[in-house]
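Here the protein sequences come in this chain order: Y and X. For the first sequence, position 137 (counting from the first letter as 1) is numbered 138 according to my numbering, and the numbering increases by one without interruption. For the second sequence, position 72 (counting from the first letter as 1) is numbered 73 according to my numbering, and the numbering increases by one without interruption.
Hints are supplied without guarantee of correctness; some may be wrong.
Identical copies go unnamed one by one, so any copy, or any two together, can satisfy a pair.
Straight-line Cα separation of at most 20 Å, PhoX-like style, residue types lysine-lysine; simulated pairs [what the hints assert, rightly or not]:
{"no.": "1", "residue 1": "LYS98", "residue 2": "LYS54"}
{"no.": "2", "residue 1": "LYS98", "residue 2": "LYS155"}
{"no.": "3", "residue 1": "LYS54", "residue 2": "LYS139"}
{"no.": "4", "residue 1": "LYS139", "residue 2": "LYS40"}
Quick caveat, the hints were computed from the structure, so don't treat them as lab data.
Number of protein chains: 2
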Amino acid sequence: MKYLVITILTCLLCFIGITFAENKVLPAPNGIEMPMQYKDWRVISSSHREDNKTLRVILGNDTAIEAARSGRTKPWPDGSILGKLVWKDTEHPEWKKATIPGKFVHAEFMIKDSSKYKDTGGWGFARWKGLNQEPHGKDASFVQECFGCHAPVKNNDYVFTQPSPMP
Amino acid sequence: MKYLVITILTCLLCFIGITFAENKVLPAPNGIEMPMQYKDWRVISSSHREDNKTLRVILGNDTAIEAARSGRTKPWPDGSILGKLVWKDTEHPEWKKATIPGKFVHAEFMIKDSSKYKDTGGWGFARWKGLNQEPHGKDASFVQECFGCHAPVKNNDYVFTQPSPMP
Chain Y
2 MKYLVITILT CLLCFIGITF AENKVLPAPN GIEMPMQYKD WRVISSSHRE
52 DNKTLRVILG NDTAIEAARS GRTKPWPDGS ILGKLVWKDT EHPEWKKATI
102 PGKFVHAEFM IKDSSKYKDT GGWGFARWKG LNQEPHGKDA SFVQECFGCH
152 APVKNNDYVF TQPSPMP
Chain X
2 MKYLVITILT CLLCFIGITF AENKVLPAPN GIEMPMQYKD WRVISSSHRE
52 DNKTLRVILG NDTAIEAARS GRTKPWPDGS ILGKLVWKDT EHPEWKKATI
102 PGKFVHAEFM IKDSSKYKDT GGWGFARWKG LNQEPHGKDA SFVQECFGCH
152 APVKNNDYVF TQPSPMP
């Protein structure tokens with residue numbers, strides 16, 4: 002009987018632990034959950050912004066990578082997710098004319114679902130800030146800020162990223 | 002008999018086709034073969050060089066990614082391969098203060114094998130230029146150029162790349 006209680010308690014603690022670990026990143030205010038495993042996605046492109054001194058790497062889930070590599074990005078197919086990792090520029094200690102990723106700014110995502118997100122160009126937007134991955138936005142209206150910024154690239158399916166040429 | 006001949010000929014043509022496709026990228030002059038599937042590797046970092054106006058993304062094979070994510074990069078373990086994709090800067094058409102990957106310059110690799118490449122810091126170097134992936138270097142001595150350039154980062158296991166901070 003004692004061993005049964007110990008076993009049940011151990012299982013319960015494991016379950017609580019796993020649940021806590023899985024939910025440690027809060028969803029964005031519009032309900033979008035952070036895409037799991039995004040750090041394992043493949044690369045689509047990169048960019049450097051002189052105005053806010055940031056370096057960026059743009060990754061894609063499998064659907065996005067297949068679309069990018071076959072030129073099917075106008076529009077991107079439903080199911081595509083683009084993930085942008087953003088760092089502040091910092092000077093390379095041994096190559097002064099180079100900048101490398103410094104402080105991690107945020108990871109932001111565009112999720113293509115042309116019916117679910119039809120009011121924002123078919124894209125769901127979300128961003129998690131800093132290494133502690135705090136959701137961006139006070140309420141669900143934050144997406145208007147995202148969508149407004151992406152309006153100039155409406156003719157590129159609201160996406161700034163252009164897949165990099167690769168062999 | 003006729004069908005047997007047709008079948009054998011078809012198999013032979015397929016074999017030649019597959020062989021040709023697999024070997025279309027020539028090895029580097031030091032004998033290093035281009036690592037297959039490098040475009041599917043995960044990202045370690047990025048950089049922007051002001052001196053030659055290039056954007057870079059640094060990828061790693063599984064061994065390198067595991068090392069980078071667990072801070073075991075001094076030295077990088079044998080079996081690690083770092084791949085750097087380099088593009089010329091080009092202005093983003095809709096965001097003038099941003100540069101994005103333009104012309105593809107080259108893909109270059111560092112392969113860690115501390116015994117095989119002990120004369121060059123434990124690293125084998127190779128580079129393939131342009132979208133047609135032409136091997137860099139007239140003969141095997143080209144690695145001295147690579148190794149000389151990496152000498153200033155001897156204390157970082159001859160590697161310029163520093164894994165980017167990520168959540």
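Status of the hints after comparison with the structure:
For the identical chains of this complex, LYS98 and LYS54 are neighbours both inside a copy (14 Å) and across copies (10 Å), given an alpha-carbon limit of 20 Å. Proximity of LYS98 to LYS155 under the C-alpha cut-off of 20 Å is restricted to the inter-copy arrangement: shortest distance 19 Å between copies versus 35 Å within a copy. Taking CA atoms no more than 20 Å apart as the test, LYS54 paired with LYS139 passes in neither setting, with 25 Å inside one copy and 39 Å between copies. Taking the shortest Cα distances, LYS139 and LYS40 never come within 20 Å of each other, neither inside one copy (26 Å) nor across copies (38 Å).
In the structure shown, a violation is registered for the earlier hints numbered 3 and 4, in ascending order.
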